[in-house]
Amino acid sequence: MLRLITFRLAHAVPILLIIAVLAFLLMQLLPGDPAVLMAGEGATPQAIQEIRQRLNLDQPLVRQLGTWLLHLAQGDLGSSLQLNQTVVSAVAERLPVSLSLAAISLLITVPAGIMLGVVAAYARDSWLDAVAMAVALIGVSVPTFWIAILSVILFSVTLGWLPSAGYVPLSEGFVPWLLALIQPAIVLALFQIGFLARMTRSAMLDVLDQDFIRTARAKGVVESVVLWKHAFRNTLIAVLTVVGYIFSLLIGGSVIVEQVFALPGVGRLVVQAVLTRDYPLVQGTLLLFGFIFVLINIATDILYLIVDPRVRYD
Amino acid sequence: MSESNILEISGLTVEFRSGGRWITAIRDVDLTLAPRQCLGIVGESGSGKSVTALSILRLHPAKSTRIASGRILYQGRDLLAVAPGELARIRGSEIAMIFQDPMSSLNPVLTIGEQIGETLRIHQGLNRADALAKAVGLLDMVRIPDARRRVAEYPHRLSGGMRQRVMIAMAIACRPKILIADEPTTALDVTVQAQILNLLRDLREELGMSVILISHDMGVISEFTDKIAVMYAGQVVEQAVGDGLFDAPMHPYTSGLLRAIPNIDRDVDRLATIPGSIPDAARMVPGCRFHPRCPEALESCRSEAPAMIDLGGLRQTRCPPRAERQGMIGGRS
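First to last, the sequence lines map onto chains C and D.
Residues in the first sequence are numbered from 185 upward in steps of one, following our numbering.
Residues in the second sequence are numbered from 3 upward in steps of one, following our numbering.
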C-alpha cells in the first residue's frame with residue numbers, strides 16, 4: 185500500500201512539471217508583444233521596456249523557461265502588474281477564502297447528495313425517487329448566479345437573516361465566519377448536490393442488483409444495514425471519484441458565487457487578473473488550480489486503496 | 003399433509019412483472035420437507051426451481067415479483083404472512099440459503115470473517131471479537147485450511163470452491179433447521195462439485211438439518227437426496243421418495259431427463275436430448291405443459307390441464323396416461 189502511494193506521488197511530478205510549462209507558455213501564446221499588451225494603451229516605450237525586462241521577455245525562450253522553473257522551485261512567481269504585491273502573496277491572501285467556501289460547501293454537498301441518491305435508489309420508481317431526482321435535476325439545471333441573486337433577495341434583503349456580501353476571516357470567530365460563508369456555500373452546493381445525488385443513485389442501482397445483496401438479506405440483515413453497509417460501501421469508489429471532482433470544481437468554479445457575494449477569494453482574483461491583463465497573476469492562479477487538481481486526484485486514489493480491498497492488492 | 007413436516011409449501015403461485023403484465027412463473031407448487039430430509043428439486047433452466055426456493059425466504063426482487071397465492075408453513079407459521087422483522091429473524095438463523103454463483107454472492111469489500119460473523123452478531127448477539135473467533139471455527143468446519151489466516155481475507159483472494167465453502171460456513175453459522183442450496187455446484191469444477199456436495203451431506207448429518215437441494219443434474223440429485231420433485235414449466239410434474247423415480251419414472255419429462263444423462267460406459271454418436279424447449283411463461287400452452295415435447299402425448303393432453311395424481315407410496319405425477327397405464331391411480335390430490 186505504501187508502495188502504491190509512493191508510486192502515485194512520483195507519478196504526479198511530471199504532471200506538475202507539464203502544468204508549470206503550460207503556465208509559462210501562456211505568456212508566449214499571446215498574440216503580438218505581451219509587454220505592449222500588458223502595458224495597455226498609450227504606454228510610453230520606456231514603460232513597455234520596463235515590463236519586458238521585468239518579465240525576462242527579452243531573453244531567449246529556453247532561458248526564460250529555465251528562469252521561470254528555477255523561480256518556481258524557489259516559490260517565486262513574480263509580481264502582479266496591478267496589485268503591487270507578489271503573485272504568491274496575492275494568491276495566499278485569497279486562498280483561505282476560497283478554501284473555506286469550498287470546504288463548507290463540500291460538507292453540505294456530501295451528506296445531502298449521498299442521502300438523496302441512496303434514498304432515491306432504494307425507493308426506485310416510487311414517488312420518493314421522483315421527488316429526489318426532481319430536486320437533483322433542479323439543482324443541476326438552474327444557473328448558480330440566478331439562485332445566488334434570489335437567495336440574497338430572500339435571506340439577506342427580505343428576511344435579513346444573513347449578510348449579503350463580504351467575508352469575515354476565521355480568526356475573528358467561528359460564528360461570524362460561518363455566517364458570512366453559509367449562504368454562498370449553500371448556493372454553490374445546490375448544483376453539486378444534484379450532480380452527486382444522480383451519480384450515487386446510479387451506482388447504488390447497480391450494486392443493489394448484485395447477488396451479494398441477496399446473500400445479505402438471506403442472512404437476516406435488516407434493510408437499513410443492507411443499504412448502508414452492504415450496498416453503499418460498494419459504491420464508494422464511484423462516489424469518491426465524484427466527490428474529488430466536485431471539490432476541484434468548487435475551488436475553481438466559485439468565480440460566480442464569489443462575484444455575487446463579494447468574497448475576496450481566488451475566483452474573483454482570476455477574473456480581476458484576466459480583465460486587467462495581469463498575466464503573471466493569471467499564470468499563478470492557473471498553476472494553483474492545476475496543482476490543487478493533481479493533489480485532489482492523488483488524495484482520491486489513496487482513498488480508493490482504503491475503501492476497496494480489490495484495488496489494494498492489485 | 004402430515005404434522006411431522008418441518009416445511010410445507012402448498013398451492014404456491016408466483017408471478018413476475020414483465021412489460022407491465024404479470025406472468026405466472028410457478029403455479030400451484032406443493033412440496034413438503036420432513037426433519038433431516040434432503041429434498042431434491044430437479045428440472046431444466048426456467049422450470050421454476052429457483053423461484054420456488056427463493057419464495058421460502060421471500061428473497062425475490064420485491065418490485066417485480068408477487069406471490070399470487072399459496073402458503074409456506076414453517077413450524078405452523080405462514081412465512082408468506084410473517085412481518086418483515088420476524089422474517090429477518092428467521093432468515094439466516096432457522097432457515098439459511100446458499101446460492102448458485104459463489105463468485106458474486108459474497109460482498110467484495112467485507113472480509114469473509116466479517117461476513118460470517120455478521121450472521122452470528124445479528125442472531126446470537128455476539129460481539130465482533132467473539133463472532134470472529136467463532137467464524138474461524140466455522141471455516142474449520144467447512145474444511146478451509148489455515149482458517150485463522152483466511153478469516154481476515156477478502157473474497158476475491160479465494161477460489162470458487164473456497165467461496166462456496168465460505169457461503170456454507172455463513173449459512174450454518176447459527177445451526178439452521180433448514181438449509182436451501184440453490185444449484186450450489188453449478189458454477190464449480192466437477193472435482194470441486196463432489197467435495198462441496200459431500201461437505202453438505204456431512205454437515206447435514208452433523209447438524210441434523212433438513213436440506214432442499216436444487217439442481218438440474220439428475221446424477222447429483224440421485225446421489226444426495228432422499229425425496230425428489232421434478233419441475234417443468236413452473237409446475238411440479240412428478241414426486242417420489244427414494245430411488246423409485248429412477249427405476250420407473252412416472253412422467254415422460256422425467257424419462258427424458260434420465261435419458262439425457264450421458265453414460266460414460268456407452269459410446270454414442272449423439273447425446274440424447276428432449277427436443278424443443280420450455281414454453282414461454284407469457285404464452286403458456288393449453289393442456290399439459292409438456293405435451294408439445296412429449297413423445298407419448300395423446301389428444302386429451304392438448305386440452306386438459308392435468309392435476310397432480312396421487313399414486314400412493316408418496317408418489318405423485320401430473321401425467322394421467324402414464325398413471326392409467328400403470329393402473330396405479332389412487333385418487334386425485
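It is possible that some hints are incorrect.
Label pairs and their calculated CB-CB ranges [said to hold, decoys possible]:
| hint | chain 1 | residue 1 | chain 2 | residue 2 | range |
| --- | --- | --- | --- | --- | --- |
| 1 | C | Ser-310 | D | Val-270 | 21 to 31 angstroms |
| 2 | C | Val-491 | D | Phe-248 | 34 to 44 angstroms |
| 3 | D | Arg-177 | C | Leu-186 | 41 to 51 angstroms |
If we take Cβ atoms under 7 angstroms as the criterion, some of the chain C residues that face chain D in the derived model are [said to hold, decoys possible]:
| hint | residue |
| --- | --- |
| 4 | Arg-187 |
| 5 | Gly-259 |
| 6 | Gly-262 |
| 7 | Gly-404 |
| 8 | His-414 |
I should point out that these hints are in silico values taken from the structure, not numbers from a laboratory.
Keep in mind it's a predicted model, so treat the numbers as computed, not measured.
Ideal Cβ placement from N, Cα and C applies to all residues, glycine included.
Need the list of violated hint numbers for this structure, in ascending order. 1, 2, 4, 5 and 6
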